[in-house]
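Note that the protein sequences, when read in sequence, are chains A and B.
The opening position of the first sequence corresponds to residue 14 in this note's numbering, with each subsequent residue numbered one higher.
The opening position of the second sequence corresponds to residue 3 in this note's numbering, with each subsequent residue numbered one higher.
Incorrect hints may have been included.
[Said to hold, decoys possible] With a Cα cut of at most 25 angstroms, we get these calculated SDA-like pairs of lysine to any residue:
#1 Lys-4/B to Phe-126/A
#2 Lys-67/B to Gly-154/B
#3 Lys-4/B to Leu-130/A
#4 Lys-111/A to Ala-34/B
#5 Lys-116/B to Ala-82/B
#6 Lys-110/B to Ala-69/A
#7 Lys-108/B to Leu-38/A
#8 Lys-108/B to Glu-36/A
#9 Lys-166/A to Asp-153/A
[To be verified] FRET-style restraints, in silico, Cβ to Cβ:
#10 Ala-176/B to Val-132/A: 46 to 52 angstroms
#11 His-149/A to Trp-24/B: 55 to 61 angstroms
#12 Thr-62/B to Asp-89/A: 25 to 31 angstroms
#13 Asp-152/B to Ile-127/A: 42 to 48 angstroms
#14 Pro-43/B to Gly-129/A: 48 to 54 angstroms
#15 Thr-62/B to Gly-128/A: 52 to 58 angstroms
[Stated by the list, open to error] Part of the chain B face toward chain A, derived, beta carbon under 10 angstroms:
#16 Ser-37
#17 Pro-45
#18 Ala-133
#19 Gly-134
#20 Gly-137
#21 Ile-138
#22 Leu-140
#23 Ile-142
#24 Ser-143
No lab work stands behind these hints: they were computed from the structure.
Glycine is no exception: its CB is placed at the ideal position from the N, C-alpha and C atoms.
The lines below spell out each chain.
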Amino acid sequence: MIRAALLALALLANPAFAVEPDEVLSDPALEERARAISANVRCVVCQNEPIDSSNAGVARDLRVLIRERLVAGDTDQEIYDFLVLRYGDFVLFKPPFKPSTYALWLGPFAILFIGGLAVAISLSRRPRRPATKDTHLSADEETELAKLMEEDKSL
Amino acid sequence: MKRLLFALPLLVALIIGGFAIWGLSGGRDPSALPSVLISQPVPQLDLGPIEGVDRPGLTTDVISKMEGIKLLNVFASWCAPCRAEHPNLTRLGQEEGLTLIGINYKDKPEAAAKWLDELGNPYAALGSDYAGRAGIDLGISGVPETFIIDAGGIIRHRFAGPVVGDGLRRFMEALDEVRK
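Sequences are here, hints too, so could you generate the full structure?
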């Protein structure tokens, strides 16, 4: 009984959404676009959260602003440009590809290339297979080993 | 050549360690955001006065007519750090001969008027930004924030957080930099 009640409670619980009912647009297509844009805009207070899921005051203001501009007929790009003009590239979770971000975008590939090169070089230097398949000791080696073992015992 | 190769891990460790020391050493605030407004003129502002406060509103026109260095302080009566920094800003305005201008951010006019009555009103012009839109135009992330605007009306520094304690020291450094 208690388990069933707990399960029911767990199923009832929904994740808390930051977007409040009064912000939601009546046009589902515009609202869809607003959600997509807000998911890609960083909250400048929390910094690792998109404004879509942030409860900070500024995040709410930006969500409302984005919706207002969508209703006014702005394109997605115009809205991103508006935000970047005020908050810089930092507000975008996906920064643009330009000279100042080349290191950011290309760095991982450069490191992967260097690592791959190092692996390739070290593999090519290693002998492909043992010189002979015969891994047993030769008669000479056997006598040598026996001698060494004997010396070791006498110590 | 082989020996040089052995030095490579050490070199990599030094580079990474160097970055770590640079990142951890004094005064750096990793959460500080660069402001895109630095070296830009003050964005277009058109804020009406706070009701019940005897100061003109804050417009770009008003700012451009002011002489010398201006401190644009964004504050609210509901913000405790604003209260803490208020005496420092007042003193800076008097002792350093700076013009203080303010934006009252998301605040009720009567609350702001009461706050200014109680703590004093050092501002030459005060704009009411009840909707927080001017705050977005200035790219602020919260209150208090203070911008240093030079004699030519160019924003030279953005200071996020209260101008108290170590913040006051850093603010003075930025101010000296602007004065040069």
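Do the hints match the structure? See the list:
1. Lys-4/B to Phe-126/A: holds, 21 angstroms
2. Lys-67/B to Gly-154/B: The hint holds at about 10 angstroms.
3. Lys-4/B to Leu-130/A: holds, 17 angstroms
4. Lys-111/A to Ala-34/B: It holds: about 22 angstroms lies between the C-alpha atoms, which stays within 25 angstroms.
5. Lys-116/B to Ala-82/B: holds, 15 angstroms
6. Lys-110/B to Ala-69/A: The given pair, whose Cα atoms are some 19 angstroms apart, holds under the 25 angstroms limit.
7. Lys-108/B to Leu-38/A: With Cα atoms ~23 angstroms apart, Lys-108/B and Leu-38/A stay inside 25 angstroms; holds.
8. Lys-108/B to Glu-36/A: Cα-Cα ~18 angstroms, so holds.
9. Lys-166/A to Asp-153/A: Holds, at about 20 angstroms.
10. Ala-176/B to Val-132/A: 46 to 52 angstroms: holds, 49 angstroms
11. His-149/A to Trp-24/B: 55 to 61 angstroms: Since the Cβ atoms of His-149/A and Trp-24/B sit about 58 angstroms apart, the hinted range of 55 to 61 angstroms holds.
12. Thr-62/B to Asp-89/A: 25 to 31 angstroms: holds, 29 angstroms
13. Asp-152/B to Ile-127/A: 42 to 48 angstroms: For Ile-127/A against Asp-152/B, whose Cβ atoms are near 46 angstroms apart, the range 42 to 48 angstroms holds.
14. Pro-43/B to Gly-129/A: 48 to 54 angstroms: holds, 49 angstroms
15. Thr-62/B to Gly-128/A: 52 to 58 angstroms: Holds, at about 53 angstroms.
16. Ser-37: holds, 7 angstroms
17. Pro-45: holds, 8 angstroms
18. Ala-133: Holds. Min distance 8 angstroms.
19. Gly-134: With Cβ-Cβ at 5 angstroms, under 10 angstroms, it holds.
20. Gly-137: Because about 7 angstroms separates Gly-137/B from the closest Cβ in chain A, which is inside the 10 angstroms limit, the hint holds.
21. Ile-138: holds, 6 angstroms
22. Leu-140: Leu-140/B check passes; min Cβ-Cβ to chain A is 8 angstroms, inside 10 angstroms.
23. Ile-142: Where the cut-off is 10 angstroms and the nearest Cβ of chain A is about 8 angstroms from Ile-142/B, the hint holds.
24. Ser-143: holds, 4 angstroms
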